[in-house]
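Protein sequence lines, in the order shown, are assigned to chains A, B, C and D.
My numbering applies: residue 1 is where the first sequence begins, and numbers increase by one.
My numbering applies: residue 1 is where the second sequence begins, and numbers increase by one.
My numbering applies: residue 1 is where the third sequence begins, and numbers increase by one.
My numbering applies: residue 1 is where the fourth sequence begins, and numbers increase by one.
Check before you lean on any hint, since a few could be wrong.
Pairs of lysine to any residue, SDA-like flavour, derived with a Cα cap of 25 Å [to be verified]:
(1) D:K205 with B:R63
(2) D:K306 with B:R63
(3) C:K103 with D:N125
(4) D:K306 with B:S82
(5) C:K103 with D:A237
Chain D side only, calculated, beta carbon under 7 Å to chain B, not exhaustive [what the hints assert, rightly or not]:
(6) L176
(7) P180
(8) L188
Each pair of labels, with its calculated beta carbon distance range [claimed, not checked]:
(9) D:R90 with C:Q353: 52 to 60 Å
(10) D:S89 with C:K470: 53 to 61 Å
(11) D:T127 with C:K442: 17 to 25 Å
Because the hints were derived from the structure by calculation, they are not lab data.
Everything numeric in this text was worked out from a predicted model, so none of it was measured.
Built from N, CA and C at the ideal position, the CB exists for glycine as well.
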Amino acid sequence: MNHPEIWMLAAAGLFGLGLYSLIIARHLLRQLIAIKIMGSAVFLVLVVTAGLVDGSLDGIAQALVLTGIVIAVAAIAFALALVVSLAETTGSISLNPDDDDGR
Amino acid sequence: MSLLLDAFAALLLLIGAFFYLAGTVGLIRFPDALSRLHALTKADNIGLLSICAGSALMAGELRVALLLLLIWLMALFAATVSAHLIARRSLRDAEDSGADAGKSPS
Amino acid sequence: MVAEALACLVLVPVVAACLALVLPGRWRWLAVAAGLLPLPLAMAWLTGELGREGLITVAVAGFEAPLGIVWRLDGLSAVLVWLNIIIALLVGLHAAAHYPADKLNGFRFWPLWLLLSGAMNALLLSADLFNLFVTLELVTLAAIGLLVVDRKPQAMRAAVRYLLLALLGSLFYLLGVALVYGQTGTLDLYQAAGVLQPDLLGHTALVLMTVGLLVKAAIFPLHGWLPAAHGNAPGPVSAVLSAMVVKVAVYLVWRLWLWLAGDWAIPAGLTMLGLLGALAIVYGSLQALVQQRVKMIVAYSTVAQLGYLMLLFPLLGLVAFQATSYHLLSHGLAKAAMFLAAANLLTRLGTDQLGDLRGADRRMPLDVFTLALAGVSILGLPPSGGFIAKWLMLQTALAQGGWLWVGVILVGGLLAAAYLFRVLAVLCARPVACPELPVSGKADQLTSLVALGLALAALAAGFVPAPVLKLLATAWPLGGAP
Amino acid sequence: MVIDVFLALGLVVLAWQALIGGSLFRGIVMFIVFGMVLTLAWAWLGSPDLAMAEAAIGAGVTGALIMIAYWRLRRINAVEPRDPSPARSRLALVIAVLATGLVGAIGLAAVSALTGDATAARVMNETLPDTGLGNPITGVLIVFRNLDTLLEVAVVLAAYIAARAALGRESADLPLPPAPDTPLLTPLVVTLAPLTMVVAIYLLKAGSQYPGGAFQASALLAALGVLLVLTGRVGPAAAANWLTRAGLVIGTLVFCLVGLGMLVIGAPLLAIPGIWAVYLIEAAMMISIGLTLVLLFAGAPGLSGKRS
């Protein structure tokens with residue numbers, strides 16, 4: 001890892017792109033992909049800012065990211081089930097801000 | 001001797017890279033799904049073989065060479081089946097829509 | 001023994017959740033009971049120990065920080081663990097009437113319920129920033145799973161929004177944690193507190209984690225997801241969401257600002273957080289005033305009452321800490337009671353539209369009484385836990401000359417009176433318009449009694465505040481009042 | 001330097017392609033390619049464990065899950081949402097640019113302040129030899145910070161139950177693509193199935209000393225399961241039989257019981273008594289996580305021998 005700055009810039013770009021898409025996208029699948037990509041950006045920051053210890057990547061940071069990847073897939077899997085179920089019951093695959101309080 | 005081996009290995013790697021490049025250019029430039037598959041599967045399998053052979057020469061160990069051979073065989077197998085599936089699918093789609101056979105489904 | 005008791009709080013519900021998933025039919029009741037009933041015993045023992053020691057720490061797996069994860073039980077977490085256990089047990093009793101463990105919907109409900117209470121205990125005990133992230137994710141997934149257990153379309157829509165925002169909040173939190181780890185080389189909150197510098201990076205990390213948690217805590221203006229989620233969830237789930245799930249996020253914000261960044265003295269940030277709380281109180285109360293459904297009114301009331309918890313930051317001091325923590329406790333009990341009573345109205349009368357509920361007190365006197373009783377605590381009328389909390393808050397604000405905060409607390413009380421009396425006035429109005437009741441069974445009586453019990457507990461908190469306040473005082477990190 | 005820039009730029013461009021404009025299907029494909037490039041990035045940065053996890057879980061399983069959800073949504077024929085209004089995207093652009101700037105600035109500040117003196121990691125490197133493990137990541141996950149891992153397995157379990165709650169009905173009528181009827185699939189599956197299992201068990205065992213471990217192994221098993229479901233070898237079942245349910249919880253249960261068992265004999269909670277316990281816990285986790293991911297893909301409570 002010779003050029004951590006490059007990776008930080010990439011992480012910043014991924015985070016910003018993800019956030020932009022999360023706000024403007026209406027399709028829930030696209031929003032979930034956006035969250036997943038933002039997650040990858042955060043993982044990059046976690047590993048790169050932890051730095052090197054004795055010449056190799058910080059093992060604890062790597063383990064945390066591994067945990068994070070598994071948690072992310074679990075959360076996404078549940079979210080996808082929720083989206084499919086929402087589409088089945090309401091026929092809609094986006095969050096319309098107008099019709100979800102009240103009845 | 002080792003210099004000769006290294007040079008030969010490097011040559012194999014270069015040949016592999018060239019085949020990959022050819023395959024990728026084919027993927028981008030060819031007009032329909034079937035000819036793209038043709039470019040991709042043929043060129044890439046030769047490319048992978050050549051790169052595996054080059055790496056095996058560089059490693060200089062029989063165990064590693066066997067592993068690389070196994071990798072190539074697995075990749076060959078997977079590429080065969082997936083290319084077959086994609087080709088069938090694109091033919092079916094073409095028949096369903098009544099368009100020219102082999103047009104890309106997307 | 002300490003390690004055993006702490007392990008019991010976290011691992012016993014998790015093991016019970018696994019068993020509830022594997023065991024057939026009626027045996028699942030046994031798993032549920034085995035997962036919840038030992039908790040108060042373990043906690044009672046731990047509270048005694050805490051009274052002697054003042055602070056309990058255990059290195060999980062035998063590795064001290066910074067390598068391992070440390071569990072740390074102080075007065076504040078003890079009070080919240082107690083609240084969690086009471087809610088898990090009593091609201092669980094209410095849920096047992098609707099989700100029999102040997103039926104299919106109970107098969108889905110109980111494992112999630114057990115995982116949620118175990119995860120909440122794990123969160124309250126943990127002193128490790130990354131472990132807190134994992135527990136937060138577990139709390140979120142289990143809570144949202146419970147939210148959609150009835151598959152109501154509105155609940156599902158609310159759940160998707162809640163999940164997206166909660167995941168986004170987690171990302172911000174984790175980004176802050178990454179910065180703290182990069183700067184300090186440790187994930188232990190209390191170790192990092194000594195090392196993290198109040199420079200640009202330290203402040204940014206604090207702000208990122210706070211923003212992430214405020215989304216999960218639904219603090220104004222990030223509250224958008226809360227009313228739909230809490231208002232459309234099944235009754236017991238609404239109760240636990242309002243009483244505990246949003247509170248633990250506020251609890252973490254307290255931990256970050258008062259324990260991690262305790263010595264930094266950031267008046268602008270503290271005032272800012274207080275202002276958010278003040279806006280939440282006013283906005284939530286006004287919204288509650290115009291809602292047409294009882295559960296939505298109670299849900300917006302939660303938005304408002306969460307605001308009081310943020311007043312700890314500008315008031316900052318031992319008494320304010322005791323007051324807001326006490327508010328957290330008594331509001332948890334009262335709000336759970338209210339949601340359960342409202343759920344009883346909804347299930348038995350088939351509606352919770354205010355317009356259709358005229359004269360509901362004739363049909364369901366006990367539940368309307370519970371609503372009124374819990375309202376006493378929410379309003380902060382004596383004698384109730386809410387009164388003690390708001391009285392102490394007012395005292396501190398007056399002593400500091402913080403007239404803004406005094407005004408907000410008073411206005412919040414008046415508005416709360418307005419929206420609660422509006423509900424009660426309709427419920428007790430004549431002539432009776434609400435539908436006839438079917439014959440009530442034992443289960444209905446049980447659900448009403450559980451709600452009443454929680455409301456009485458909130459009231460009782462007004463009579464014996466001294467031991468709890470004393471316990472809380474032992475946890476205060478910053479010394480006497482400024 | 002060149003490779004750093006190439007990979008980093010590739011990630012950003014692929015994320016752009018996955019997220020902005022274009023059809024959703026194209027976006028999903030680009031997202032999977034993004035995962036592949038991120039795999040290369042982790043490998044290049046020096047973390048083979050993360051590379052493997054990203055390839056198998058981040059790109060592979062996640063991609064398969066998103067693809068099948070997309071396919072199901074098309075079948076349900078839900079209303080496709082409209083494009084956002086320009087006013088909303090302008091505000092979003094401002095927010096996104098601010099977020100990019102913030103993350104970039106703090107990221108650069110953080111790496112410029114790097115001391116190479118991460119206390120926790122240093123202590124870990126000193127303590128690792130005592131455990132008999134050679135792979136620090138396995139050491140952290142199973143021995144030093146195993147409470148995280150325990151709760152993480154519980155998260156996976158919670159995701160399964162919550163997904164069942166969201167999908168409702170105890171039946172297996174969530175659609176799956178029809179299995180292709182081609183003579184080539186049988187030899188492929190017959191070869192791959194045993195091979196994948198051998199590789200998964202090897203990864204699990206090697207994980208104690210070299211890159212690998214339970215998570216990567218479980219993702220391999222999940223990939224195999226997805227293949228079996230897609231080729232019709234294994235079908236969704238209307239109910240989870242006791243074996244499936246036991247498989248779902250065995251990871252959490254074994255972990256908890258080993259941890260509590262240590263407490264009974266006087267050791268600290270969740271202390272790991274030896275290398276055999278590491279293998280035991282990892283094998284249980286591998287089964288649970290792999291099975292859960294396959295069930296989440298099939299969208300069914302259980303699995304049956306053959307698709308009907």
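Here's how the hints hold up against the structure:
1. D:K205 with B:R63: 19 Å, holds
2. D:K306 with B:R63: 39 Å, violated
3. C:K103 with D:N125: Roughly 51 Å between the alpha carbons, so the hint for K103 (chain C) and N125 (chain D) is violated.
4. D:K306 with B:S82: Distance ~22 Å between K306 (chain D) and S82 (chain B) Cα, so the pair holds.
5. C:K103 with D:A237: Since the Cα atoms of K103 (chain C) and A237 (chain D) sit roughly 19 Å apart, the hinted pair holds (cutoff 25 Å).
6. L176: L176 (chain D) check fails; min Cβ-Cβ to chain B is 16 Å, beyond 7 Å.
7. P180: Status holds, d = 6 Å.
8. L188: The hint holds - L188 (chain D) has a Cβ within 7 Å of chain B, the shortest such distance being about 5 Å.
9. D:R90 with C:Q353: 52 to 60 Å: Taking Cβ atoms as reference, R90 (chain D) and Q353 (chain C) lie about 39 Å apart, which means the hint is violated.
10. D:S89 with C:K470: 53 to 61 Å: Hint holds: Cβ distance 55 Å, inside 53 to 61 Å.
11. D:T127 with C:K442: 17 to 25 Å: Hint violated: Cβ distance 58 Å, outside 17 to 25 Å.
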